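2 protein chains.
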Amino acid sequence: MISVTLIGAGNVATHLFKALIKINQIYVKQWFSRDLNIITHYKNQVDITDDINTLTDADVYIIAVSDDAIAQVSASLPFKDKLVVHTSGSVNVHDLDSKLKRGVFYPLQSFSKKATLDFADVPICIETLDKKDYPILKQIALELGSPVKKINSDQRKVLHLAAVYVNNFTNQMYRIAHEIAESEAAEFDLLKPLILETAKKVQDISPYMAQTGPAKRNDTKTIKTHLSLLKSDVHKDIYKLLTQSIKNTHGR
Amino acid sequence: MISVTLIGAGNVATHLFKALIKINQIYVKQWFSRDLNIITHYKNQVDITDDINTLTDADVYIIAVSDDAIAQVSASLPFKDKLVVHTSGSVNVHDLDSKLKRGVFYPLQSFSKKATLDFADVPICIETLDKKDYPILKQIALELGSPVKKINSDQRKVLHLAAVYVNNFTNQMYRIAHEIAESEAAEFDLLKPLILETAKKVQDISPYMAQTGPAKRNDTKTIKTHLSLLKSDVHKDIYKLLTQSIKNTHGR
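From first to last, the protein sequence lines stand for chains A and B. Quick note, the working numbering runs 822 ahead of the 1-based positions in the first sequence. Quick note, the working numbering runs 822 ahead of the 1-based positions in the second sequence.
There could be a bad hint or two in this list.
Unchecked claim - Examples of chain B residues lying across from chain A (beta carbon under 7 Å, computed):
(1) ALA891
(2) ASP943
(3) LEU1051
Hints were generated in silico from the structure; no laboratory data involved. These figures come from a predicted structure and were not determined experimentally. Idealized CB from N, CA, C, for every residue including glycine.
Isolated chain A, as found in the complex (with noise of 0.2 Å):
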């Protein structure tokens, strides 16, 4: 039986509590949220506190607040050489306080407040100081039912940032197909099966093979006609330059 006492209340936070709790091999020793309020709904499932004096001993921590409140947090912990983790793809493992046995276990989804959520779809990636403290938080992960990788911080770096274009920057290019289908009262919604087509598609594939369209045929006429249609000059910009980057994967 492992121990767990969680920190933090945000999406993470709670996502992690739902599904730790079902797992007959984890005890959730704790919770703490410096708002009560916000948890005090689970009051009946778990030992909830918002005074972090009161934290008493377990296995892991798993500090799941924003980024900025990470050092501090840890700082304030009232115990010493126990395993620590924060969630966080951007937070250096040496931002937790050095009294601290260290670690990161960085689930790699974007967390909804509403939307449930599979463990199974959440990657989890770990990284320890001492790799002693490695096997513990693999076996949390293969309990939560996720893919497990253990991973460098330069590679966490690098994971958050593919991150932002493969989620914020994917959707922000819904968003302007959005803008663009309903200048003239086109339905957003015909393009969904080929937003779900295109996300399918580089599950088997990779996307330097996936790729198709005017860009990579190097199809001047059709690019012509789509930027004479383009209203927006950030859509003009962003076109062009997206154009100009699939020519140079393809050696156009």
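Based on these hints, arrange chain B on the given structure of chain A.
Just chain B now, kept in the frame of chain A:
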């Protein structure tokens, strides 16, 4: 029973053939390809031909050839006043020869050679010069199990343009993420669940509502860190432009 003749032997024509041949209410009368070798495999299922002058009477002729060839192929048809449609997102319906009853049967999806395709995931956008020709095209789309939408030329043009953003440009985001991950020998595979989740999210909520990340939060510290990690100037330019675009969208 609706009789349909297919003209062309690319991905769209082949996927259409494979789906239409299974439908009881539709009879695929002939299949024309300039190069008979490409469709000779299907000669026991349908009358195949490489001589345009041998095309006989059918209710609907579907021209699924490259954009540039549509006008010429339609002009070479050995009949007039028959309903002929093309399947292109960007070609004008008037590019079809005026001796014909003209329309467009545009499947808004990415067709690849190998993958099997469920036409339930292929919205068919229909345009006809004469509204009397709409019902038969709608019936074919419904028999395919596709969502059907009547659209005009302007709507089709912007949908085709929007499709470049959600398909080609999005796929290039995946490609860049692949390059960034590999620069530190991190696995692109770890990003695949996030790619799918990002596409699934906008099936239910708008891209505007779905947006998250440093650009939306105006998290200048993370943005600065990301820019310092990027080695490619094009990747940097794309990061800056899309970050600005997200800021514009969300009023930052």
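Legend entry - Proposed interface contact between ASP943 of chain B and chain A, which counts if any beta carbon pair is under 7 Å: 4 Å, holds
Legend entry - Evaluation of the interface hint that places ALA891 of chain B against chain A, nearest CB under 7 Å: 13 Å, violated
Legend entry - Satisfaction of the LEU1051 of chain B interface hint, Cβ to chain A closer than 7 Å: 5 Å, holds
In summary, the structure is inconsistent with hint 1 from the numbered list given earlier, while agreeing with all the others.
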